[in-house]
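Trainee: Working from the sequences, and respecting the hints, build out all of it.
Protein chains in written order, with our numbering: chain F, 2 to 597; chain U, 2 to 597.
To be clear, the hints were calculated from the coordinates, so they are not data collected in a lab.
Treat the hints with caution; some may be incorrect.
Given that identical chains are not distinguished, each listed pair holds provided it fits within a single copy or across any two copies.
[Claimed, not checked] Here are the simulated DMTMM-like cross-link-like pairs (lysine to aspartate or glutamate), alpha carbons at most 25 Å apart as the crow flies:
no. : residue 1 : residue 2
1   : K63       : D11
2   : K319      : D240
3   : K225      : D334
4   : K508      : E591
5   : K13       : D185
6   : K63       : E424
7   : K493      : E45
8   : K319      : E167
9   : K485      : E145
10  : K80       : D70
11  : K10       : E549
12  : K13       : D97
13  : K587      : D11
14  : K587      : D553
15  : K587      : D481
16  : K69       : D387
17  : K331      : E507
18  : K544      : D11
19  : K376      : E32
20  : K546      : D18
Note that the structure is predicted; figures quoted are calculated from it, not measured.
There are 2 protein chains.
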Amino acid sequence: MPVYNAPVKDFKFVLNDLLGLDKMTNMPGFEDATPDMIDAILEEGGKLMSEVIQPLNQVGDKEGCTWKDGEVTTPTGFKEAYDEYRAAGWMGLDADPEYGGQGLPHVIGIAFAEMMSAANMAFGMYPGLTHGAYAAIHKHGTDEQKQTWLPKMVTGDWTGTMNLTEPHCGTDLGLMRTKAVPQDDGSYKITGTKIFISAGEHDMADNIVHLVLAKIPGGPEGIKGVSLFIVPKFLLDADGNPATRNGVECGSIEHKMGIHGNSTCVMNYEDATGWLLGEKHKGMRAMFTMMNAARLGVGIQGLSQAEVAYQNAVIYAKDRLQGRSISGVKEPDKPADPIIVHPDIRRNLLMIRAFTEGARALGLWAGLQVDMVEKHPDEEGRRAADEALSLLTPVIKAYFTDMGFELAATAMQCYGGHGYIHEWGMEQFVRDARITQIYEGANGIQALDLVGRKLPQNMGRNLRQFFHPVDAFIQENMMDQEQKEFVLPLAKAFAKLQQGTALLGEKGMKNPDEAGAASTEYLRMFGLVALGFMWAQMAKIAKEKLVEGADDPQFYETKLVTARFFFERMLPDVSSLLVKMSAGSKTMMELDAEAF
Amino acid sequence: MPVYNAPVKDFKFVLNDLLGLDKMTNMPGFEDATPDMIDAILEEGGKLMSEVIQPLNQVGDKEGCTWKDGEVTTPTGFKEAYDEYRAAGWMGLDADPEYGGQGLPHVIGIAFAEMMSAANMAFGMYPGLTHGAYAAIHKHGTDEQKQTWLPKMVTGDWTGTMNLTEPHCGTDLGLMRTKAVPQDDGSYKITGTKIFISAGEHDMADNIVHLVLAKIPGGPEGIKGVSLFIVPKFLLDADGNPATRNGVECGSIEHKMGIHGNSTCVMNYEDATGWLLGEKHKGMRAMFTMMNAARLGVGIQGLSQAEVAYQNAVIYAKDRLQGRSISGVKEPDKPADPIIVHPDIRRNLLMIRAFTEGARALGLWAGLQVDMVEKHPDEEGRRAADEALSLLTPVIKAYFTDMGFELAATAMQCYGGHGYIHEWGMEQFVRDARITQIYEGANGIQALDLVGRKLPQNMGRNLRQFFHPVDAFIQENMMDQEQKEFVLPLAKAFAKLQQGTALLGEKGMKNPDEAGAASTEYLRMFGLVALGFMWAQMAKIAKEKLVEGADDPQFYETKLVTARFFFERMLPDVSSLLVKMSAGSKTMMELDAEAF
Numbered sequence: 002m003p004v005y006n007a008p009v010k011d012f013k014f015v016l017n018d019l020l021g022l023d024k025m026t027n028m029p030g031f032e033d034a035t036p037d038m039i040d041a042i043l044e045e046g047g048k049l050m051s052e053v054i055q056p057l058n059q060v061g062d063k064e065g066c067t068w069k070d071g072e073v074t075t076p077t078g079f080k081e082a083y084d085e086y087r088a089a090g091w092m093g094l095d096a097d098p099e100y101g102g103q104g105l106p107h108v109i110g111i112a113f114a115e116m117m118s119a120a121n122m123a124f125g126m127y128p129g130l131t132h133g134a135y136a137a138i139h140k141h142g143t144d145e146q147k148q149t150w151l152p153k154m155v156t157g158d159w160t161g162t163m164n165l166t167e168p169h170c171g172t173d174l175g176l177m178r179t180k181a182v183p184q185d186d187g188s189y190k191i192t193g194t195k196i197f198i199s200a201g202e203h204d205m206a207d208n209i210v211h212l213v214l215a216k217i218p219g220g221p222e223g224i225k226g227v228s229l230f231i232v233p234k235f236l237l238d239a240d241g242n243p244a245t246r247n248g249v250e251c252g253s254i255e256h257k258m259g260i261h262g263n264s265t266c267v268m269n270y271e272d273a274t275g276w277l278l279g280e281k282h283k284g285m286r287a288m289f290t291m292m293n294a295a296r297l298g299v300g301i302q303g304l305s306q307a308e309v310a311y312q313n314a315v316i317y318a319k320d321r322l323q324g325r326s327i328s329g330v331k332e333p334d335k336p337a338d339p340i341i342v343h344p345d346i347r348r349n350l351l352m353i354r355a356f357t358e359g360a361r362a363l364g365l366w367a368g369l370q371v372d373m374v375e376k377h378p379d380e381e382g383r384r385a386a387d388e389a390l391s392l393l394t395p396v397i398k399a400y401f402t403d404m405g406f407e408l409a410a411t412a413m414q415c416y417g418g419h420g421y422i423h424e425w426g427m428e429q430f431v432r433d434a435r436i437t438q439i440y441e442g443a444n445g446i447q448a449l450d451l452v453g454r455k456l457p458q459n460m461g462r463n464l465r466q467f468f469h470p471v472d473a474f475i476q477e478n479m480m481d482q483e484q485k486e487f488v489l490p491l492a493k494a495f496a497k498l499q500q501g502t503a504l505l506g507e508k509g510m511k512n513p514d515e516a517g518a519a520s521t522e523y524l525r526m527f528g529l530v531a532l533g534f535m536w537a538q539m540a541k542i543a544k545e546k547l548v549e550g551a552d553d554p555q556f557y558e559t560k561l562v563t564a565r566f567f568f569e570r571m572l573p574d575v576s577s578l579l580v581k582m583s584a585g586s587k588t589m590m591e592l593d594a595e596a597f
Numbered sequence: 002m003p004v005y006n007a008p009v010k011d012f013k014f015v016l017n018d019l020l021g022l023d024k025m026t027n028m029p030g031f032e033d034a035t036p037d038m039i040d041a042i043l044e045e046g047g048k049l050m051s052e053v054i055q056p057l058n059q060v061g062d063k064e065g066c067t068w069k070d071g072e073v074t075t076p077t078g079f080k081e082a083y084d085e086y087r088a089a090g091w092m093g094l095d096a097d098p099e100y101g102g103q104g105l106p107h108v109i110g111i112a113f114a115e116m117m118s119a120a121n122m123a124f125g126m127y128p129g130l131t132h133g134a135y136a137a138i139h140k141h142g143t144d145e146q147k148q149t150w151l152p153k154m155v156t157g158d159w160t161g162t163m164n165l166t167e168p169h170c171g172t173d174l175g176l177m178r179t180k181a182v183p184q185d186d187g188s189y190k191i192t193g194t195k196i197f198i199s200a201g202e203h204d205m206a207d208n209i210v211h212l213v214l215a216k217i218p219g220g221p222e223g224i225k226g227v228s229l230f231i232v233p234k235f236l237l238d239a240d241g242n243p244a245t246r247n248g249v250e251c252g253s254i255e256h257k258m259g260i261h262g263n264s265t266c267v268m269n270y271e272d273a274t275g276w277l278l279g280e281k282h283k284g285m286r287a288m289f290t291m292m293n294a295a296r297l298g299v300g301i302q303g304l305s306q307a308e309v310a311y312q313n314a315v316i317y318a319k320d321r322l323q324g325r326s327i328s329g330v331k332e333p334d335k336p337a338d339p340i341i342v343h344p345d346i347r348r349n350l351l352m353i354r355a356f357t358e359g360a361r362a363l364g365l366w367a368g369l370q371v372d373m374v375e376k377h378p379d380e381e382g383r384r385a386a387d388e389a390l391s392l393l394t395p396v397i398k399a400y401f402t403d404m405g406f407e408l409a410a411t412a413m414q415c416y417g418g419h420g421y422i423h424e425w426g427m428e429q430f431v432r433d434a435r436i437t438q439i440y441e442g443a444n445g446i447q448a449l450d451l452v453g454r455k456l457p458q459n460m461g462r463n464l465r466q467f468f469h470p471v472d473a474f475i476q477e478n479m480m481d482q483e484q485k486e487f488v489l490p491l492a493k494a495f496a497k498l499q500q501g502t503a504l505l506g507e508k509g510m511k512n513p514d515e516a517g518a519a520s521t522e523y524l525r526m527f528g529l530v531a532l533g534f535m536w537a538q539m540a541k542i543a544k545e546k547l548v549e550g551a552d553d554p555q556f557y558e559t560k561l562v563t564a565r566f567f568f569e570r571m572l573p574d575v576s577s578l579l580v581k582m583s584a585g586s587k588t589m590m591e592l593d594a595e596a597f
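Mentor: See below:
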């Protein structure tokens, strides 16, 4: 019953008006990303989502995947929809033309990923993980490995996975037990058990290319002895076609809170043949290529669940007649007013919208940085993009997914009792969104990554890559009366973020627990200020568009109102977050574990 | 796999040290509530919960209820557990001795309700709803009705329900269509469809006493024409035993996000025989007796899910070995440190605990007011209790349940990926908690009830019943250096709440949408300050106990640290909430519905 309509107009606003993609077609790798091409992708992609992928979202939730004798069957319709998606060439959208991709910018891939996730998050994970595995092989593989594995992954004929977690180790991969024993022919025999492997086994592709972390016996202890391996479900014959079953099997699938349409597998490796990807004992480095892209992708998943939940909550709020407006009857010819007349319903809807539109801007900005890392003509530009992206990745992952869950629940609330019933589809968004706070590094880990790694990294340059542009924008626009309503609160919030950063540097240096204790609140401040920066820029553009007399003034007027809502009703949290993080770690650390 | 242990020590601390129940045994109706009796109830009740009721929580979630031909079968073990609960006489704990109850104070009933809900929320709803129906008949029924229905409800042989919602009307009961046609013998024939009827049909009791809202044809329009009826599943024979099936049937049950062990029924009434309860067209008044008690009960459900989720998260956090403390290895003989060494894990746990212990205090305080309304020796005391309770009921309902959901999700987060898997039981707490924000009046409605009804009610006396004691406490303790760390932040937060209240009065008077726009943030401020008031009192007691050299100093020391955490890390939200609510309704109200 829920629907999804791709927010094409908003995508175009962010891509062209905010990020200036329409002016980048002279950049290497951006030649084909013309406004017409982007329109076509968003329109056609959006249609596929609304008509084919989204209608399977509830089916997937209800049926789930089924496991039998090591085989996994996906829900009714998934295979056919995947065939359609694959046949249209969507898998190769931003993949390297050398391996059959269309070579479009990653930023377009991010927009497409948002649409797919909003339509059907469980479904979107099959190609999503393939994309991650593709990226790791593309970056770290030998030419032969790339020729062997990538073309079929780019078509979507084969899918990919990431195998990190084991029953006793998730965050702490140094505890890993899976081992890889070198063979005379240069291959390895992989043995061990991996858990929580999304898309680990299914019936939609001819082969599954597992990327597996394992330890080569005799290597360094802990995380420094971990290597990454390519381990296909089927070994290939001389022509490169899947032929012999490898020593890997899906032992069972998990029964979980949501994303039922995606198989979450226990994978048993027993003398499975694999090939080293990248360098020996440098597996974490290669894995991080996947993980960073995946973390951005997971952030987008969080955003997507808020977006689709918002769209449906709006429809319901306009349709559901219940009670009368407290400021006087609005629709006297009906038995009651639609609930969208109530300020609290509107507050809920605007909270979601102010988040999704701000997050869409930040997410696409991050997508563009991924392109810049690869394609910026000068080294300084590539490095700057890399540093800014490194810094913002944990913020996007954790802030977007915390909000995605919270706001999907907010949208569900607009339905009253009906929101709690499966049939209406709203509670599924909440359950599906919940995993995004956990996988690819639980959000507490993201916060630690931000304060413990990303802030000090590159001698603080990461931070300056974000703080400088914000500061420059504030300085440039501070005196402009038209922009004051947005720039002033941004400047105040930014000052508090700087204060928080200084505090972290000072206290965290002396005692790392101080940084740990403040990390989650600090990350939330960071997310709010980053969205505030996006909103201030978008509000400025909207005002200019209205002065220019652009088409569709309502779009820009709504943008302005939503911007005001963000600054008035969401950004103020920065103040209390600073107070909270400033309180320090004492209350947290002084209790014995037994006192809890 | 999850466990539950009743927090008996904390119950006793709140009941005796904070609320002084041990000094009230000379009050009428409190004679039997001796410390020994309360100990026995908490210990024995807690044992029943841990050993019998809680082990069925996951069973109930997994199996759910099943519907066949109008009959509902509850999950395996529910009937037997209910028999045990009933046989031990728990149903009558705080019921009127005239109808077989034990006549204990309601405040004890609230403690018991928290334990039951924490152990198994879906199970606890069967007796919970019976309790509500009992209270409505007890207050509004004729002597004959009371003699007929109450004794069997007090034993638990019969259960009760509330029938309000219809497919097209939930919040707005004026739209109701169910009709009640008067018969010559003084009874009515009830016809209509009710939805979302919890425990509407099941296999655990000999009869089900439905309280049904319906309209008598020819009566006033809208909500003023609604009456309440007693409509049993089985009509009674001359001896008062269930005999003939009445014209009411369960048409189907809902498939929902959580509380699978409780049947959520569509109830079809077709010429069902019913009897008017209370006055004609005054059904809402009688229904509110149930609803107010039910709203307090739902608040306690929210608290209970946070409590049980906390207990399990603590066990996991002490047990799970993963990574090392960032301030240096804590358990060098193990492959990793338990995750409870990490400040962010501790922050999560303390957030839950600071809420549950504060909420427990406020919830039991509210339970005591229920007793005072009935039993306080002088009228002024009864009135004061009623006014304070009226004011705090929407706060407890909405704030406790919003936090219950949020914090159950926080506890789940401590489990990483395992939290998302059914088997571990953590995600069930989140799903079960989610309904508490919706039923008995969605939380947005609670916020409107607070600002639109409860604040102005009784010429503002409600508010003074809460503000005066807070103010008095602050004045009394402000100069005490020992108390300053708690009283000062309380005083600041209280001042902001007063500011918010003044603002509401001022702006809301001119434009009701202003009150509506601020209502949710205002309610949250209220909840925080109310918990702050409880925490400041508890901290004071804890300090005194430590000076006295009380037994178990660790209990009081932990109380103090948790109090500090609350004041440092949770109460500061009041500041940003005031800023947000002060922004007014403009951004919310100026958009056309079409712009959303």
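Trainee: State for each hint whether it applies.
Mentor: To see whether the hints hold, each was checked on the structure:
| no. | hint | in the structure |
| --- | --- | --- |
| 1 | K63 to D11 | neither (32 Å within a copy, 42 Å between copies) |
| 2 | K319 to D240 | neither (58 Å within a copy, 53 Å between copies) |
| 3 | K225 to D334 | between (72 Å within a copy, 20 Å between copies) |
| 4 | K508 to E591 | within (17 Å within a copy, 45 Å between copies) |
| 5 | K13 to D185 | neither (54 Å within a copy, 70 Å between copies) |
| 6 | K63 to E424 | both (10 Å within a copy, 18 Å between copies) |
| 7 | K493 to E45 | neither (42 Å within a copy, 56 Å between copies) |
| 8 | K319 to E167 | between (47 Å within a copy, 19 Å between copies) |
| 9 | K485 to E145 | neither (57 Å within a copy, 71 Å between copies) |
| 10 | K80 to D70 | within (20 Å within a copy, 37 Å between copies) |
| 11 | K10 to E549 | within (18 Å within a copy, 69 Å between copies) |
| 12 | K13 to D97 | within (24 Å within a copy, 67 Å between copies) |
| 13 | K587 to D11 | between (45 Å within a copy, 23 Å between copies) |
| 14 | K587 to D553 | between (54 Å within a copy, 22 Å between copies) |
| 15 | K587 to D481 | between (44 Å within a copy, 23 Å between copies) |
| 16 | K69 to D387 | neither (44 Å within a copy, 61 Å between copies) |
| 17 | K331 to E507 | between (56 Å within a copy, 24 Å between copies) |
| 18 | K544 to D11 | within (16 Å within a copy, 57 Å between copies) |
| 19 | K376 to E32 | within (12 Å within a copy, 81 Å between copies) |
| 20 | K546 to D18 | within (10 Å within a copy, 64 Å between copies) |
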